[in-house]
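K.L.:
Sequence:
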Amino acid sequence: MWSSECEFQFKYDKLVRMKTEEDTASNEAYLYSSKCEVSPLNAALNIRRLLVGSPGSSGCNHLSSAPAANQNAETSAYDPTTANTSKVHFLELEQVPKSSSNDILLLNQVGNMNNSMTLTNPSDGEFAQPQIRRESKGLTGCSLREFLLLILCGILIALLLIVIFLYFASLRSEVCQTTECVETSYKILSAMNQSVDPCEDFYNYACGGWIERNHIPPGFNQWTVFSELGQTAEYFAKELLEKDIQPDDSRGLQLAKTYYSSCLNEHAVDALGLTPLKEKMTELYGGWRLLPKGILGGRNDSTDPFVVGKFDLTEQLISTLKCGQSNDIFSFIIEKDPRSSSHYAITIVKLFRDFMRTYSKMLGVKESDLPALDAVFELETLMAQNMEPRARQSVETNVFNMNLTELQAFCSVIDWKRLFNGLFNDVNYSVTDNEVIIITDRQFLEKRCEIYAQYMSSPEKIRVVHDTAIWKLLWNTEQFMSSAVRKAHEMYDQAMSGAKEQHQRWLQCLRTVEDFFGMTIARKFVAEHFDEKSKEVATRMIRKIKMAFKNSFYQVEWMDDMAKKSAEVKVDMMGESIGYPEDINNIEKENKPFFAVDYLSNDTFFENTYKLYRSRTLIALRKLFDSSVIT
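To convert, note that position 470 of the sequence shown is 470 in the working numbering; the numbers rise steadily by one, no gaps.
Simulated from the structure, these hints should not be mistaken for laboratory data.
Keep in mind that the hints are not guaranteed to be accurate.
[To be verified] Below are the DSBU-like pairs computed for lysine-lysine, each with C-alpha atoms no more than 35 Å apart in a straight line: (1) 322 <-> 417; (2) 310 <-> 417; (3) 565 <-> 546; (4) 447 <-> 310; (5) 472 <-> 623; (6) 350 <-> 278.
Given the sequences, and given the hints that come with them, work out the whole structure.
P.N.:
Next up, the structure:
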């Protein structure tokens, strides 16, 4: 039992001790005390507490002191109310430079005897060996029997010393002296703030050093030890993508390097300006009615297409889905701020509307036509307000299977058969009336269809539906546009994320590339940085955790036998995503998502992005009928 005056001091040496394989998943630290109530036996036991460190893993949030359970187990035989309590310093001597010749004396007052243990740093670099001595009062007056007993005790002590010597010598084989082990122990030590009393503020004690030396970088709203690890991977990916394309690079890696280069080529992006976006706007939707006629991106209809019975909502949805876009745009805007502050949400909405107007004006929309954007915002708000929070929805009551005929009756505002065939036409697949469609969010679909039906009842509202599709394209592509557009978006982005600055361009580009080529980069990272043995250890640890979890079911009284069996089945069905997929080196699978990409150019970042989105969509469509498409 630790006293209220307990003061801890963590001490880490150049060496890291490794326990048995079963214990490699836990971290323990040397635990020392200058004012703790412990037995003399426990004092000796604690001289060599083991520090377990997993190479490559560090961080203040992974740091912990020796578990209290272990402490109790070691001191259970000691009763401080009956034993002679001592103030003991726990000291650990490890391998030191040969020039060291310091002696450390561990004194323990017991009764009237003065026993001492001298731990000496040997000059030959071996581990310190204990030598036990007792104050001598001479042999005068000893009988022969007593003398022989003393000799026998001496022999036994000598044998004990030999056993102790052999034991500590055997520990040498368990010492981890690799660079990773030494670096890990240093990282843990440097993360601490040993000037703080752990009994008063353990978090600051364990993590204060890390917090003092780490600051939130520009462009981030938080920084953790996981951010540090992620940064290591990002620097690796940056170096990989900036290398010239090599003949032995996989096709996926070649495309990734070209795509990254086109993103970094801001001169080419700015030179093209909004032209690629206006061209895509015309290709997908026939242009935008708010832009003047005769300019790129404007409409040149001889008659008004936005009339009841003439406007084709289904065709507009086909165009939207073909380029990898969704229909859910601004639902997050009307959510309540979790901090019970309405001002923050109102500010976000205002900044978003400001960005809508600024971006539209950059495209060429006249000031007098900007109020039409408010109607777009109102439509998206109306759709979002009718969505029940997902946390309240029941999977059992909200998921339905329907064939196309049933779906058409459920939501008649869209021609569903033509919609699906319009999408699957590019992969040479035809959808029949009996095709089964799984509706995963029935209430959402029902409400959306009702809103669409209302908006298809008048020309004014039909124009809003069309404007919404155009704005969806603008919103989803702003990050691929010129620096002027990204600058206009910056104020809104800062308000949303809390970051005061934007990420560096290379990091923005890297994360865009990872969205399409994540597995390609991961394969190279694993090949150069991942130890296969680490995955094996982690796999064994996870399986032991699952086994312990299953065993715990039989100690739970509130679960009946049927519930326990069901829980076991669920545990068995849990996947184990550890490290990386087993087929990460399957180059054919790695290249498959890019089958529809003919080539990418260093000068056309926007067009490159559209090609990648399109290829991703085609892969998703092929999964319905092509069993070879496994991603």
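K.L.:
Each hint should be assessed against the structure and marked as holding or not.
P.N.:
Going through the hints against the structure:
no. : hint        : in the structure
1   : 322 <-> 417 : 15 Å, holds
2   : 310 <-> 417 : 19 Å, holds
3   : 565 <-> 546 : 14 Å, holds
4   : 447 <-> 310 : 23 Å, holds
5   : 472 <-> 623 : 26 Å, holds
6   : 350 <-> 278 : 26 Å, holds
Against the hints set out earlier in the document, no violation occurs for any number.
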